[in-house]
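In order, the protein sequence lines correspond to chains A and B.
Under UniProt numbering, the first residue of the first sequence carries the number 1, and numbering increases by one thereafter.
Under UniProt numbering, the first residue of the second sequence carries the number 1, and numbering increases by one thereafter.
Don't take every hint at face value.
To be verified - Result set (DMTMM-like, lysine to aspartate or glutamate): computed pairs, CA atoms no more than 20 Å apart in a straight line: (1) K111(A) - D168(A); (2) K21(A) - D243(B); (3) K155(A) - D65(B); (4) K21(A) - E191(B); (5) K21(A) - D199(B); (6) K21(A) - D157(B); (7) K271(A) - E144(A); (8) K130(B) - D65(B); (9) K21(A) - E194(B); (10) K271(A) - E203(B); (11) K202(B) - D190(B); (12) K271(A) - D243(B); (13) K84(B) - D65(B); (14) K202(B) - E191(B); (15) K21(A) - D65(B); (16) K155(A) - E144(A); (17) K202(B) - D125(B).
Source of the hints: derived by calculation from the structure; they are not laboratory data.
The structure presented is a predicted model; accordingly, all values stated were derived computationally and were not measured.
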Amino acid sequence: MTKRAPDASDVSVSPPRRRSKYTLAPLVLISGNVVLFALFFVWPAVIGLVYSFTNYTGVGSFQFIGLDNYQKLLGDSTFYSATTRTLLYTVLFVPLNFVLSLLIANVLVSKHAKGASVARIFFFIPWLLSPIIVGVLWRWMFGENFGLVNYFIEKVGGSAVPWQSNADLSLLVVVVAAAWAWTGFSMLLFIAAIKNVPTSYYEAAALDGAGPWRQFFHITLPSIAPTSFIVILLNTIHAMKEYAVFASLNNGGPGTSNNLLVQYIYQTGFKSGQIGYASAASFVLMLILMAVAVIQMMVNRRVENR
Amino acid sequence: MTTTDTVRKADAGSVRAVPRKRSRGSATGGLRRAIAPTTLLWVLAGLYGIPVLWFVLSSFKPAGDLFSLPLTVFPDDPTVSGYKEAWASANFSGYFINTIIVCVIATILTVGVSCCTGYALAKYDNRWLKAFFLCILATTMLPAEVMLAPLFLVVRDLGFYNSLSGIILPALLTATGCFMFRQFFLTVPDELIEAARIDGAKELSIFLRIMVPLSRPIMLTLAILSFQWRWNDYIWPLLMLNDPEKFTVQIGIQSLVGAQNINWSVLLGGSVISMIPLIVVFLVFQKYVMNADINAGLKD
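So here's chain A without its partners, still in its complex pose (with noise of 0.2 Å):
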């Protein structure tokens, strides 16, 4: 009864009887994804919240047992590392591919350059690739015995770069690949935001002297911090759950020095049968995602109401 109150009061404003009217159709319009949402969604969170405090190791029962997974997770030098590596991992990355893409996408709308329409292509085309055969291209590239990159090492009077078995260069080769990978994608939310925003800006700034470096820094990217802002916090987010690049190019390797998150979580959960534990490693990298999202958005927010 309290409820109709306010939809009875509703009626008197604008579009008076569509809220009232139609529920039938709404509702089976959206049942799919409602089906999906509660055995996708809910239904593994929850699980894997509870399972999180348990020794469940996926098959027969369990036992609860308190916050034992984190205080072991808080113990365990390879889930440090494999965190660490994660963190190296994404601090490298997203400025790379920030600066190349939105470099690229200056590059593609400035009036000068010829060919503009065609190059696009090049850029994007590999962000089509897979990332198993994004690692297994780089891989090739950047083989120590046979790859191109060492042989022109090589050819210019160098010595060959250990790419896989020095475990840095092993991390910055995936990183190179990755934003190698990805430039497309945060190319064309460059693109677009570079578009729209007025020439009259430039214009403007072009009578009072200003020279394309002080355009840039004056106008463009003002403009487009938004997009910039969306653009680091999915690439961000993206390379915090990276995995199938490192498996492919040198999975995880030189030994397990570069074994990541996900990785850790697939190789406890799933070769190690702990669940629980996988379970406790899983929120542990939802607390971090979320960390950084919150972080972003703070920043975001205190950037626009300077």
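Using the hints, position chain B against chain A.
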């Protein structure tokens, strides 16, 4: 050779080398203004194109020539033996068919489900619809990778383990798809619906007869994206599938990489084969992809 420069620059130098040329170019003015940005554009395009080009060219080399020094850009003696071997070995054709089944079914269903939901979210004004919209957005906060283990258990308990439906079904829930359709239907004037209602059309037939045909461009865009997502999926199929008969292409390729001694000739051939469908889809529907408003691209 310029390749030496370009490859070296690919690592880090490209960013630094670039703006200098650009500012110099635009400062001189006149016709020369085109030279610097165009050069820069094509140097960058080269950097992005060379890895793929080198990869594809290498795949046509006979296995014995792959590592012979000095490296040659073009295969002296082009052959498709790598492709033949890849296609025959490890049941690659089977992987291919599996992947196509997954992609096609998942794409059709994704588009259908997202279209219905997007329309409801845009054109009906119920309180619970708004709540459901928030729920859909929440799925972007908790990506599938985070829920690997529990999602696996759910899908297993539903009886979809080791089946292609186990890959397809969880993938149908996409915030991006719903959001794209919602944004599109918001731009469709309400008067159109009102007019149809006055003519006595039923709600669902308004949707099916008027709105679905209208949304064809969005359908196509989402279809392309969805096809790409499913084609490139790796970790979920890897978890779901146990039986090599049911493997998808990406798992097949990864299993070739995982081998102790990589047979590069087969791996290159198989990889290039796996790239073909996406490249074809992309080239055919290029204008839709390029114009797609993928601002909503939060999750795949």
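Taking the hints in turn, this is what the structure says about them:
With a C-alpha separation of about 40 Å, the suggested pairing of K111(A) with D168(A) is violated against the 20 Å cut-off. Taken as a hint, the K21(A) and D243(B) pair is broken in the structure, with Cα atoms around 51 Å apart against an allowance of 20 Å. Taking the CA atoms of K155(A) and D65(B), the gap is near 19 Å; set against the 20 Å cutoff, the hint holds. The straight-line distance between the Cα atoms of K21(A) and E191(B) is roughly 17 Å, inside the 20 Å bound, and the hint therefore holds.
Only pairs whose Cα atoms come within 20 Å are accepted, and K21(A) paired with D199(B) is accepted, the gap being roughly 17 Å. Our distance criterion of 20 Å between C-alpha atoms is broken by K21(A) and D157(B), whose separation comes to about 39 Å. Taking the CA atoms of K271(A) and E144(A), the gap is about 30 Å. The hint is violated against a cut of 20 Å. About 61 Å separates the Cα atoms of K130(B) and D65(B), which puts this hinted pair outside 20 Å; it is violated.
Distance restraint check for K21(A) and E194(B): the Cα-Cα separation of roughly 13 Å lies within the 20 Å cut-off, and the hinted pair is therefore satisfied. Between the alpha carbons of K271(A) and E203(B) the distance comes to roughly 50 Å, so the proposed pair goes past 20 Å and is violated. Between K202(B) and D190(B) the alpha-carbon distance is near 15 Å, which keeps this suggested pair within the 20 Å criterion. With a C-alpha separation of about 17 Å, the suggested pairing of K271(A) with D243(B) holds against the 20 Å cut-off.
With a C-alpha separation of about 17 Å, the suggested pairing of K84(B) with D65(B) holds against the 20 Å cut-off. At roughly 15 Å between alpha-carbon atoms, K202(B) and E191(B) fall within 20 Å of each other, so this suggested pair holds. Restraint check: the Cα-Cα separation between K21(A) and D65(B) comes to about 73 Å, which exceeds 20 Å; the hinted pair is violated. For the hint pairing K155(A) with E144(A), the CA-to-CA distance comes to about 14 Å; that is within 20 Å, so the pair holds.
For the given pair, K202(B) sits about 17 Å from D125(B) by alpha-carbon distance, which is consistent with the 20 Å threshold.
Figure legend: structure checked against the earlier numbered hints; hints not met, in rising order: 1, 2, 6, 7, 8, 10 and 15.
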